[in-house]
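Protein sequence lines, in the order shown, are assigned to chains A and B. When you line the first sequence up against the numbering used here, it's residues 1 to 443, in that order. When you line the second sequence up against the numbering used here, it's residues 1001 to 1224, in that order.
In short, the hints are calculated from the structure, not lab data. Nothing here was measured: the structure is a model prediction, and the numbers come from that model. Hints may contain errors.
[What the hints assert, rightly or not] Simulated pairs of lysine-lysine, BS3-like, Cα-Cα distance not exceeding 30 angstroms: (1) B:Lys1152 to A:Lys354; (2) A:Lys319 to B:Lys1221; (3) A:Lys297 to B:Lys1197; (4) A:Lys319 to B:Lys1213; (5) B:Lys1152 to A:Lys319; (6) B:Lys1221 to A:Lys247; (7) A:Lys247 to B:Lys1010; (8) A:Lys354 to A:Lys437; (9) B:Lys1197 to A:Lys319; (10) B:Lys1202 to A:Lys306.
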Amino acid sequence: MIFPNMKLKNQLALINTLSKILIILIAVFILPLLVRKISINETDNQLTDKLDQIYEILEDDGVEVFIDIESDILGYGSYNILKEEYVSIEVSTDTLLYEYIETTQRIIDDEILNYRVISATFEYDSVIYLVEIGHSISSIINFEKELREFAFYLLILLLTLTIILDLSIVQILLRPFEQIIQKLKTNHHPSSFDYTKVKSSTSDFKYLEDSIHQLMKKIEIAFNEEREYIGNISHEILTPISIIRSKLDNFSENTTLIHENSLKIHEVKITLGRLTKLVRSLLLLSRIENNEYLVNKNLNINQHIKIVLEEINERFEVKGISVSTDLPASEYILKGNAELIHILFFNLLNNAAKYTNEDGCVIIKSYERYNQHIVEISDDGVGIAKDHLPRIFSRFKKFQKGNNSFGLGLALVKKICDIHQIDIEVKSQPNKGSTFKLIFPKL
Amino acid sequence: MRILIVEDEKSLANEIMLFLSKEHFNCEIALTGINASELLAVNTYDFVLIDIGLPDYNGLDLIKEAKDNDSEAYFIVITARGELEDKLTGFDYGADDYLPKPFSLLELHSRIQAIARRKFGHIKPTITFGNFEIDINNRSLKHKRTTIELTKKEYDLLSYLILNRNRILDRLQLTEHIWGNFFEEDYDSNYIDVHIKNVRKKLSKFDNYNWIKTVRGIGYKFVE
């Protein structure tokens, strides 16, 4: 985690760039120094050679060629025209013999010049002489400066080129990785996962993909087992219920039954009906959780509400509840599952009918707000106590004593909203009524 | 009419046979898929009732097999398994109707009659009571020459009661018939009463006889 929250691609590019800048900085500073060192070494060698040459001349011709003590010529100096080099011999006041090389400045014709100078003393006829040979190093300094500039620009150019190259290569190398991620992101269910392999030359990605595929297969198997399990439970419970039901049907065909017994059979049937409903609701919940419902049909929501309303109208009628609707012929289309959306509104409207008092009123309206389709179902019924509000969508939560529901209706509503990405909000006050607000996903 | 009941639960198969025999159907039972396959190969049936959750055979394959052998039977699928998937594939395989377990035997009978009416056409399409005449094919009700407007649910209830005349239909059966058996949990609710009240009102404009009797605490009965 050197750079938190960055794409690998960018991290690599950044590390690359930083390391290259470091190399360039080192190169720009070290390279000229190195060149200088080499040049000075070379100059030093030349100077030593030249000193040897001077010694040879002295040996052959004597110091008198340069200096004649008797004529009071105590020093000799010679410069070449461009002051590149000079040689000087003079009588030294030192008594020690030495030889050293140093970089030093000399003032020649009112001009300060940098020289590499070899200074040496020698004894000739009992007199100590000092010989100096200088070589101008201003060319070296200039060269160093130019080299530094050149190196700087060249390296910047190289840096730019390599970064571009790096980026595009990294991009190409990471493409399979991005494709793998994309596949995972767009997949909604393991059973519809696309197992075709992504083309990649990187073994790490192949390994990653293989691992993902193995994991997906495991999940798929688990899903299928779960589905099978749900199916089996359903079969095992519903078959005995079916046997009891048909036996009761045949039994109540008996016309000699007294009314009291018929009533009892009817009560058993009703109880059996509730048991069936319970099993079916639980199955439905599991099926939704198991993603067995395709959410891919274009549904006109307001149209669906009208159909459901038509279907259960008598529930309002029987209690004298007035229903007012404001459902404009909206263009809003939801990608969803018709059966589930039907159940969603059925449960909400059925609740409204159930929990509204005789002669009460229910308002169903839809409108657009901030580009979102909103449906509100309000009643002036019994309402929900504040303490209960956070738990109304939980399974088997019943807040009304003595009614026959299982408390699965709203759990189903919530589940259906979740898989359709519908937000559901509830406002309620006891004895004043409840409002269920559905906020549909943006188009 | 000849019916083959393919159901591995012997007890359920017997109850179905008992009921349908009383309605003058000639029933046979196959307790296994293999047995059913053999029977379908040698006999001709008008209806085949298939539980698609057979342990030894996929019921849907059985339909396909029969259809491949030019069977002219009508297939009604019974299932306790998937509500949705099987329904779709069932119709793809050529099933003519579909009933989820548990179902009412009256409902099964009514589905068989509906298919028979649609496909064979030899059952009389009109039923008369008093001066009323109900046309099953056109879903219409007339008194002498006057057409009486009924809502879809009113018609469904009335025709269901008439087709089961002199038989008590309880609220559960009536509810399942008009809403299907999925949503309902308040079977003992009085929503049915609203429609019955409306039907009675419409009929009473033409004569004073109370065709639909209330059976206290249970449901209704159509009597002549």
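Quiz item: Any of the earlier hints contradicted here, and which numbers?
Solution: Structure breaks hint 3 only.
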